[in-house]
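J.: Sequence:
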Amino acid sequence: MDKVKPSYLAVSMTLKFLQNHNIPLTKVSAMCFGNVYRFNVQLQYYKRFIEAYHRKRKFAYCWTNEIAHDFFNMVELADNDYFELLKWMKDTNKLDNAVLIVMSDHGPRYSEIQNTEVGRISNLLPLMSIVIPNHIKLKYPHIDKNFKSNINTLTTTYDIFEMLKDVLNGNFEEKKSLSEVSPLPRGISLFQQIPSSRSCRDADISEHYCPCYSSKSMSKDDKRVGHSVIFLVKQINDILKM
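Going by this note's numbering, the letters in the sequence shown line up with residues 8 to 249, in that order.
Straight line, CA to CA, 20 Å or less: simulated PhoX-like cross-link-like pairs of lysine-lysine: (1) 63 - 97; (2) 182 - 155; (3) 144 - 155; (4) 183 - 155.
Everything labelled a hint here was simulated from the structure, so no lab data went into it.
This structure is a prediction, so every number in the text was calculated from the model and none was measured.
All chains should be modelled from the sequences, with the hints used to inform the complete structure.
T.: Here you go:
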């Protein structure tokens with residue numbers, strides 16, 4: 008097992024040491040280590056990892072969040088570095104026998120964008136892109152077909168987990184349809200066609216995180232509006248009394 012965490016923690020501690028000793032960092036961004044973006048330190052380590060274990064089976068998990076966690080407009084700073092990494096992987100045939108997942112855990116949770124429908128939805132439905140080797144798609148065409156079908160279906164990280172288990176076990180054969188199965192399993196491999204009728208309840212997603220919702224305007228004179236406001240104010244007052 009090869010880990011980048013110790014070196015990445017050392018980078019963070021270097022900045023904290025300077026800050027704790029009142030050494031001004033006005034000319035140094037917290038996103039940088041020297042004249043290099045911190046996330047790029049991790050990407051270059053990831054690249055060396057792939058090269059070092061080129062002919063061996065491996066699992067790499069590369070995660071960074073300082074780019075756009077608090078200021079999502081900063082994400083453009085990483086465009087070129089990620090493009091160069093992905094282009095290198097493709098041009099050097101690193102993707103010929105590999106499954107690549109590019110994902111986010113959630114979208115922007117703060118700022119004015121949360122006042123928009125796109126902002127609320129993207130928080131619950133973040134980026135998830137998966138690349139499967141061409142030889143797998145040619146040998147098992149149902150996988151490519153199901154992938155395209157599942158794009159417009161409710162999926163979760165539990166489905167990714169089931170898919171990774173299939174990859175680990177070399178289980179690429181077509182499975183029995185789930186269209187008549189009830190209840191549906193919590194996790195369904197993305198190599199399978201996920202029923203379009205799948206709901207948040209089927210996928211064991213709590214109401215708070217369920218993206219399948221709609222809204223409609225209500226009159227302020229509606230009794231339900233008045234009851235809701237009274238209930239909410241009472242709850243707030245009860246909390247303040249504690």
